[in-house]
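*Asks:* Position chains C, S and V relative to chain F; hints supplied.
Listed here are the chains, written in short residue letters.
4 protein chains.
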Amino acid sequence: MFEGVYPPIPTPFVDGEIAHDKLAENLTRWNRTDLAGYVVLGSNGEAAYLSEAERAAVIATARQAIPRDKLLIVGTGSESTRTTIERTRAAAEAGADAALVLTPCYYKGQMTTEALRRHYFALADASPIPILLYNVPKFTGLELSAETILELAQHPNIAGIKDSGGNVTKLGAVIRAAPDHFEVLAGSGGFFYPALVLGAVGGVLALANVAPDQCCQIYQATREGRHEQAQELQLRMIPLNAAVTTRFGVPGLKAALDLLGYYGGEPRSPLSPPNPAQVEEIRRILGEAGLL
Amino acid sequence: MFEGVYPPIPTPFVDGEIAHDKLAENLTRWNRTDLAGYVVLGSNGEAAYLSEAERAAVIATARQAIPRDKLLIVGTGSESTRTTIERTRAAAEAGADAALVLTPCYYKGQMTTEALRRHYFALADASPIPILLYNVPKFTGLELSAETILELAQHPNIAGIKDSGGNVTKLGAVIRAAPDHFEVLAGSGGFFYPALVLGAVGGVLALANVAPDQCCQIYQATREGRHEQAQELQLRMIPLNAAVTTRFGVPGLKAALDLLGYYGGEPRSPLSPPNPAQVEEIRRILGEAGLL
Amino acid sequence: MFEGVYPPIPTPFVDGEIAHDKLAENLTRWNRTDLAGYVVLGSNGEAAYLSEAERAAVIATARQAIPRDKLLIVGTGSESTRTTIERTRAAAEAGADAALVLTPCYYKGQMTTEALRRHYFALADASPIPILLYNVPKFTGLELSAETILELAQHPNIAGIKDSGGNVTKLGAVIRAAPDHFEVLAGSGGFFYPALVLGAVGGVLALANVAPDQCCQIYQATREGRHEQAQELQLRMIPLNAAVTTRFGVPGLKAALDLLGYYGGEPRSPLSPPNPAQVEEIRRILGEAGLL
Amino acid sequence: MFEGVYPPIPTPFVDGEIAHDKLAENLTRWNRTDLAGYVVLGSNGEAAYLSEAERAAVIATARQAIPRDKLLIVGTGSESTRTTIERTRAAAEAGADAALVLTPCYYKGQMTTEALRRHYFALADASPIPILLYNVPKFTGLELSAETILELAQHPNIAGIKDSGGNVTKLGAVIRAAPDHFEVLAGSGGFFYPALVLGAVGGVLALANVAPDQCCQIYQATREGRHEQAQELQLRMIPLNAAVTTRFGVPGLKAALDLLGYYGGEPRSPLSPPNPAQVEEIRRILGEAGLL
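As you go down the protein sequences, you meet chains F, C, S and V in turn. Each residue of the first sequence is one higher than the last, beginning at 1337 in my numbering. Each residue of the second sequence is one higher than the last, beginning at 1337 in my numbering. Each residue of the third sequence is one higher than the last, beginning at 1337 in my numbering. Each residue of the fourth sequence is one higher than the last, beginning at 1337 in my numbering.
Where hints are given, some of them may not hold.
Since the list gives no way to pick one copy over another, a pair counts as held whenever it fits inside one copy or between any two copies.
Distance condition first, Cα-Cα at most 30 Å in a straight line; then the derived DSS-like pairs of lysine-lysine [stated by the list, open to error]:
1. LYS1406 <-> LYS1474
2. LYS1444 <-> LYS1358
3. LYS1444 <-> LYS1474
4. LYS1358 <-> LYS1474
5. LYS1406 <-> LYS1358
Note that these hints are calculated values from the structure, not bench results.
So here's chain F without its partners, still in its complex pose (with noise of 0.2 Å):
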């Protein structure tokens, strides 16, 4: 079902309020690409920093941008049980094809294998949509384990995982004995052909915003056994993934983007956009992976 390539998509603001007319503009052209869908409202979509105000109205552009034959995948997740199946079923009512649910982690300590169940089964059986797990635990300081990812795949509505931690050895041991309905998704282009290679059906990447096409291409080569291919674009890509993920954020992803023609904008405080000798160096990488 999630087969393919999927840039979490940022939010673009103008003067600190979202600009919907930019968010069209740069999924249209995207919609021009192979990639599969989009993941809306995820951790490059500055979620966090939006009211559930903001994120009805985000998802109401997206639907309304994205063809059908594309997938919308809405980031839904909260810290309560409650918040989050309200966020799922508006998503879903809204047009959301699938929901990408954050572990919740304030209460680290409390966030026991049972606590997940409790949270994600009762999610699951409320949702009318396929559930996304998300692991991302240089956010949330919080790594969900094989064991714990394999007793929720047994929900037939939980349907995958966004996996951005990169231990490709714990996605293994998860694709080995994962249910045939569970889907892994690789979180981050720093290993995604690696995560391919293994048995990942594709990628959700903050990278396939700024290279679509690169992205999609290791997927296709991947996929038909163009192993050289794939392997040297992996490596190409490897600065630029680095600039707009670690390196410099979400502020980097949006500066690349306004540096290749797209609208990236400033992102809300207290994220700051990168300084000019940082904008300059993005231009460069982007360069070096022969994107301008």
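*Replies:* Coordinates of chains C, S and V only, in the frame set by chain F:
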């Protein structure tokens, strides 16, 4: 300004909804103690699980139930600067005496001293009430360093810090070098007395919900030079403090309140109440501490 | 130079003393496989528990039992530069083909890139045999970054790295930018195949002690473009790899060897043999992997 | 038994070799203070960089230079139980009054409470001198929990702990529940006074190398109820304590000793001396602390 002991009070729920009558009743009982005030909508208040409307309602109930000679400190932290400012202004209008502001932490890698300075200074400029920093690495995965705290302490409207990290070496470094207007509050009963002897002015202690008199006695004994008594009480409180914090969390705190005749009740999911064996263990610990 | 599969072999003990005959017998049996060579005195060799005299004796026995067409790689790392140089020179004189050199890690906070450059460059200058870096954060608590590795890789006598950290994003960054003479070896069977597709030349795998043929098949299948077979074998080996590494450690590896007809024996204290239930679990896993 | 202040003394080198005359001279000078004794071959003694023969020689020199009314505590920890027993017996024969025994930590995942009990109990049974546990997570990556410490404390020949972790909540839990014969020593000057008020009997403090009088005064003032003086001294010592521990490490401690007229000298590689700007900073901090 913040001298004394403050419990970060839980938010009571009945059938999953906020029980304002129980909240008021609990406060009425705590009001008879020497507690200097209260923190509402902190970590122990399950603020992460409350909607904006629920937050406002809790503040209203608390303000009404708390006499003017006790401080009402309200947790207003949020990931974004704009929401944090909105919440803080609303809390001030609703009668809060100060705001306790959690470090933004989702984009951990980007939360540099500069980003935190931008966040807290914008807030302190905009807020009509004093700002208390709130460092709680076990929940946020982010530790404010002494250097960052001392830089933030330069703002005249940043009045102090609740530090739950337990690093007293760092607390000493802050107390030594902070400007006079900046006060340090211990953030856990586990190191309350050691923090006081270093120069902390008080504490925001989950323990103070269940042992308000003992916490106030530790405070008074230290102030009056009765160190043996302070030490004896501090050591006696250790198992109870662990029970209502790291061992059983907010659910354990609520269970302990129930055992003591306050209203505790159940937490919201994905937190869950302690099982019967755990409740018995909490009862045993309360008994050992001389509270039953 | 280091293409292929290398088991980091355990040091056999009888009544707490090194059993050189058992060591030679194990090697004789492994010699019949396609293994490219061996690592002695690594983490799985309990090198941390051996005296200098015992280390020398193990090298002598191994050298005699290993044919010249298989590499003898010797672990020589030590906290101090001088001892590391002494051990490396002694290993070279005793016939080692290369030295595997653990990162010094006791004074973690001082082990800057500059300190590590000083350490490894002095060693590489003094060593008559090539140096392999050894990154194993689960034991050292220290993670060599891609930047540090790439700086160390500039020395012509630093020939590569065994990286056990499992971060394939980092491995990709190293493979992409390292000089031609610098080779990457996967440090655990959990990510052997993904590392190979990124450009690793081989692996130093605890798993290769108990499943040498399967590891060599993963290597060959990848080299020859039989990716489905490589993937299938990689996934099949996951539980066994976990059993002889993270789950049961060196004691588990030794127990597995015993079950397979090699000599495993007991580890030195404070390590202790797996209990009977754990041995049964290891037997079950070996059976499931098709090795019994 | 262990009441008072102990500096963990550095091992002086001249041209890379141990300078026994400098060691004796330093001790002669420290002997004039109220220090209760010394720790040799600890972390600050660069024990990790010394051969077994060098360790023996350091003990011999120290024993000769230390009067019988001051304790000689020797670091004897090793990864293996057998080597730790050998070193401890040798130290006892050479006149050590007690052994300070680092937690084995290489196979971190296997160092369960049970494994540590096996290690320390075998040692305590075999040792003619009392054993002090040594917890220093910043070097070992392993934190002894209160539960584990309390289990180890049951052995009559395990006399106490040097805890450098700085978690005073944990120290309180240990002090509260440990048997009478078990004593707690603060392991860093950063939390010496807070540890004393909780019931620690003294401290093993890098700071005591450079500020022996001030450390003894903190100890005496606390014992005699002069808490304001103890607090004032504790706060005054904070920057100096940081300089000779976390900021500049053993090299910084040695540079500070040189500036104070002791012999410090250079550490062994891969440690390196502070650069001139860092030496100036250390000089400034010593001046600010009133030591120049």
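*Asks:* The structure should be examined with respect to each hint, and the outcome stated for every one.
*Replies:* Status of each hint after checking the structure:
no. : hint                : in the structure
1   : LYS1406 <-> LYS1474 : within (28 Å within a copy, 40 Å between copies)
2   : LYS1444 <-> LYS1358 : between (37 Å within a copy, 27 Å between copies)
3   : LYS1444 <-> LYS1474 : both (14 Å within a copy, 7 Å between copies)
4   : LYS1358 <-> LYS1474 : within (29 Å within a copy, 38 Å between copies)
5   : LYS1406 <-> LYS1358 : within (19 Å within a copy, 50 Å between copies)
The structure fails none of the hints (numbered hints given earlier).
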